[in-house]
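Quick mapping for you: the protein sequence lines, in order, are chains P and D.
All residue numbers for the first sequence refer to our numbering, where the first residue is 1 and numbers rise by one.
All residue numbers for the second sequence refer to our numbering, where the first residue is 280 and numbers rise by one.
One thing to keep in mind: the hints can contain errors.
[To be verified] Here are the simulated distance ranges between beta carbons:
no., chain 1, residue 1, chain 2, residue 2, range
1, P, G165, D, W473, 29 to 37 Å
2, P, I44, D, D321, 51 to 59 Å
3, D, E316, P, E223, 47 to 55 Å
4, P, I44, D, V481, 18 to 26 Å
Derived from the structure by calculation, the hints contain no laboratory data.
Where a beta carbon is used, it is the ideal one built from N, C-alpha and C, also for glycine.
The residues making up each chain are set out below.
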Amino acid sequence: MDERAGTPWLRYLAMGAVSLVMLYPLIWLVGATFKSNAEIFTEIGFIPSRISFEAYAKGWKTSTEYTFATYFLNSFLITLPRIVVTVISCVLVAYAFARFEFFAKKTLFAVMVGTMMLPLIVLRLPQYLMFREVGMLDSYWPLILPSAFATDTFFVFMLVQFLRGIPRDMEEAAMIDGCNAIQMLWHIIVPLLKPAIISVIVFQFIWTMNDFMGPLIYLASVEKYPVSLALKMSIGATEEVEWANVIAISVVALIPSVAVFFAAQKHFIEGATSSGIKG
Amino acid sequence: MYENRRLGFLFVLPFVLGVLLFKLFPFVMSFALSFTEYDVMDPPQYVGLQNYRELALEDPLFRQSLGVTLWFALLAVPARVGFALFVAHVLNARMRGINFFRSAFYLPSILGGSIATAVLWRFLFAKNGLVNGVLVQLGFEPVAWLADEHYSMWTIVLLFMWQFGSAMVIFLAALQNVPTSLYEAAEIDGASRWQQFWRITVPLITPVIFFNLIMQMVHAFQEFNAPYMVTEGGPLSSTYVLALYIYDQSFRYFNLGYGAALSWVLFAIVAGLAAFSFWSQKYWVFYAGEKEKSK
Numbered sequence: 001m002d003e004r005a006g007t008p009w010l011r012y013l014a015m016g017a018v019s020l021v022m023l024y025p026l027i028w029l030v031g032a033t034f035k036s037n038a039e040i041f042t043e044i045g046f047i048p049s050r051i052s053f054e055a056y057a058k059g060w061k062t063s064t065e066y067t068f069a070t071y072f073l074n075s076f077l078i079t080l081p082r083i084v085v086t087v088i089s090c091v092l093v094a095y096a097f098a099r100f101e102f103f104a105k106k107t108l109f110a111v112m113v114g115t116m117m118l119p120l121i122v123l124r125l126p127q128y129l130m131f132r133e134v135g136m137l138d139s140y141w142p143l144i145l146p147s148a149f150a151t152d153t154f155f156v157f158m159l160v161q162f163l164r165g166i167p168r169d170m171e172e173a174a175m176i177d178g179c180n181a182i183q184m185l186w187h188i189i190v191p192l193l194k195p196a197i198i199s200v201i202v203f204q205f206i207w208t209m210n211d212f213m214g215p216l217i218y219l220a221s222v223e224k225y226p227v228s229l230a231l232k233m234s235i236g237a238t239e240e241v242e243w244a245n246v247i248a249i250s251v252v253a254l255i256p257s258v259a260v261f262f263a264a265q266k267h268f269i270e271g272a273t274s275s276g277i278k279g
Numbered sequence: 280m281y282e283n284r285r286l287g288f289l290f291v292l293p294f295v296l297g298v299l300l301f302k303l304f305p306f307v308m309s310f311a312l313s314f315t316e317y318d319v320m321d322p323p324q325y326v327g328l329q330n331y332r333e334l335a336l337e338d339p340l341f342r343q344s345l346g347v348t349l350w351f352a353l354l355a356v357p358a359r360v361g362f363a364l365f366v367a368h369v370l371n372a373r374m375r376g377i378n379f380f381r382s383a384f385y386l387p388s389i390l391g392g393s394i395a396t397a398v399l400w401r402f403l404f405a406k407n408g409l410v411n412g413v414l415v416q417l418g419f420e421p422v423a424w425l426a427d428e429h430y431s432m433w434t435i436v437l438l439f440m441w442q443f444g445s446a447m448v449i450f451l452a453a454l455q456n457v458p459t460s461l462y463e464a465a466e467i468d469g470a471s472r473w474q475q476f477w478r479i480t481v482p483l484i485t486p487v488i489f490f491n492l493i494m495q496m497v498h499a500f501q502e503f504n505a506p507y508m509v510t511e512g513g514p515l516s517s518t519y520v521l522a523l524y525i526y527d528q529s530f531r532y533f534n535l536g537y538g539a540a541l542s543w544v545l546f547a548i549v550a551g552l553a554a555f556s557f558w559s560q561k562y563w564v565f566y567a568g569e570k571e572k573s574k
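Only chain P is shown next, with the shape it has when bound in the complex (with noise of 0.2 Å):
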């Protein structure tokens, strides 16, 4: 850490205006939802003339025959399936990689990295391939099941590094006392992995909420769609765009994602700190 005087006030200036840059836009839409669609174009100031809630609730209704609560239903029932299917499985993989001895540990190692680098672009289209074969299509199940084989390797890789950094004695003890390796998985691992199995949570969570590509080539039907397709289709439907709605509605869906960041930020910057990566 910098731990020179320098000019504080400087500093100060320069992330206050930073922050009033990035964050501002945000304000201005918050505030845009309830103005008029009139208003929404001549004020630049965030602040509404008006407090309405019209925008939200005919944002909410939509122009198909579903509301936004049967699309965010939908994409709870892809998220948490997938967060599930992705924990369990990851642990049990960076275990055996931080852990155990096996065949081919290095190389399997090396590809889960390599893996990480591969363009998922290259592979959508014959997973597609794949899943329309076995008649999975307009389906959740392509969304989910490549996650219960721990495909999500940055995940992998980011409980590796975080085991890798516990010291053994607490599990040396537990081999004395003769614990099994589902016992030492269970009340050794997982508990001294519960920061680390917190960001895999949240970030998959908010990637899966904002996963778009995987619906939109994967789901026919509109009931089915989840929230980020049904987004897209509210600003498709007509031409002139009611701007207040479909700006209220996309500010509701971005709160899932923001109290789940809010709620769990520590650990999960701290997360993507310590094993450096992605986003």
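With the hints as your guide, set chain D onto chain P.
Below, chain D alone, put in the same frame as chain P:
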């Protein structure tokens, strides 16, 4: 217990299966498909190198999208990484409220990839949007950000740059590991702040700069949501990135063979650039463990 090789392999088995089934097999399959003509209805027809020949010689849209992608990466990656380093450097002091700034700057990285943000972005840069509103207040002419092909690229570059938070926290962690004693010694020798930054800070964090550049490059070459949602590839294909073209060929026109060939070109470029970066490391990346050797 940890010497039990069978147990270890059992635990890693999900990953082995997952890589084979969802990574390696699709990877090989996409390569094979790139030598075929395939429209989902009829079985794939082997056509040899025809797809590659076509995209290299007869497809102006491919050339356009390749140029757009390279231009985007060239602008967006240094912009994001450079800005992240700048902010991390300023924040790297014992200052009150560092946690607030860290969270505030990280927030866009959380939201940035979502469609909701793309919608909002499109709105900010609309003809009467906030950005033009501010420009007019400051006495400038408004700019047709989304309708003018000279400016459209900047909207998605700015969106990419806006999400600098994750690169920033990685820099911040690295900066906090630079020993203060080095700066104190430099100060005694009369080095200016500017010299200290370039001669001490930057060389010591080159591994992290390298890591951020590589990861951000891989992201930039795959950028899809922003050009798809904010600019829709336009105007005049000025933001029609390769990822968008691959998506259109594969999932809209169902030219699967051609789409596969395009995606392999993208992969080859990313792999080539990554290989080049790894090779170039020996000239500029400085690993602490090798300090003595290089002297």
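**Message:** So, against the hints stated earlier in the document, which numbers end up violated here?
**Reply:** 3 and 4
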